[in-house]
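**Q** Those sequence lines, one after another, are chains A and B.
Under the numbering used here, the first sequence has 124 at position 124, and the numbering climbs by one with no breaks.
Under the numbering used here, the second sequence has 87 at position 87, and the numbering climbs by one with no breaks.
Careful, some of the hints might be misleading.
[Said to hold, decoys possible] On the chain A side, residues computed to face chain B include the following (Cβ under 7 Å):
hint, residue
1, G22
2, E51
3, A65
4, N105
5, F157
Source of the hints: derived by calculation from the structure; they are not laboratory data.
Since this is a predicted model, take the numbers as computed values, not measurements.
Glycine residues also receive a C-beta, built at the ideal position from the N, C-alpha and C atoms.
Number of protein chains: 2
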Amino acid sequence: MVEKVLHAIQDDYPDDFAWCYGCGRLNETGHHFRTGWQGDQTVTLYTPKPEHTALPGFVYGGLIASLIDCHGTGSAALALHRKNGFEPGDDQGAPRFVTAYLNVNFHKPTPHGVQLKAVGRVEEIHPKKFKVAAEVFADNILCASGEVIAVVMPSSFLKEG
Amino acid sequence: MVEKVLHAIQDDYPDDFAWCYGCGRLNETGHHFRTGWQGDQTVTLYTPKPEHTALPGFVYGGLIASLIDCHGTGSAALALHRKNGFEPGDDQGAPRFVTAYLNVNFHKPTPHGVQLKAVGRVEEIHPKKFKVAAEVFADNILCASGEVIAVVMPSSFLKEG
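Required output: the full structure, derived from the provided sequences and hints.
**A** Below you can see the structure in the form of structure tokens.
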């Protein structure tokens, strides 16, 4: 069964912050990862493209790291947006996070050709810093897990005009 | 100045193991990361494509994680190959590793538009397991660092024929 995220936080990133190769809706050739709530957990779904292989039949680890990365920043943005009183789809610009730290444990080879599901639990560790624990499933089998420390995007990411 | 890796371990991966989206020479649309020795350190060079942005002007973190990932497996393969008495270019099939664990610390926004240089130090922690400490520089500025635990590719990665 293929699932779908209806209301994703990335849909509400302001245009200037929607260019990420992983999750930016305005990045034409990117992955377009989309992250939403499922109860009190966060979910990102993605079906790897044919070229995203490690070996034929298995998913490239760098793609899984990318998925966990954007799932982490998206989950943190969901949590802060909710703390501010908003949900994705409320027509309110969402906060934007960047990754300070990422780790990934690869538990077993991830089969290619099925939809991947990243599931996250978010914890606020500072008003501007969130920790996201993520698990990545393929066909309901846990293939990888990881952790992201996401921080509110600092001004050093804004190009001088 | 743009540098180049002359003899890369990925050039010597057997054909069946050269399909990685990050570093497989036979993966047409992949990144084609190539990793070689520079003294007793390992080096992987890569210039991100225009679409590999986090925000305009800065490199996507998932790409940096991917670079560290393949730099890690490539560095481990270089080390085991050397331990076996070979160097890249010796016309000997190189050993192939997979990533068991990966972490990345993002120290500062990585500028887009310049060649990235991942530099690694490899340590054997088991005959089939190597730890690689990696640093990623842009214009000689340290932007990210990380660690990879790479293990000799297990048979579970071989598809049943």
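**Q** So, for every hint listed, does it hold in this structure?
**A** We went through each hint and held it up to the structure:
Because the closest C-beta pair between G22/A and chain B is about 5 Å apart, less than 7 Å, the hint holds. Checking E51/A against chain B: minimum C-beta separation of about 5 Å stays under 7 Å; hint holds. For A65/A, the interface hint holds, the least distance from its beta-carbon to any beta-carbon of chain B being 4 Å, beneath 7 Å. Checking N105/A against chain B by beta carbon gives a least distance of about 5 Å; that is within 7 Å, so the hint holds.
Taking 7 Å as the C-beta cut-off, the interface hint given for F157/A holds, the closest approach to chain B being about 5 Å.
Of the numbered hints listed earlier, not one is contradicted by the structure.
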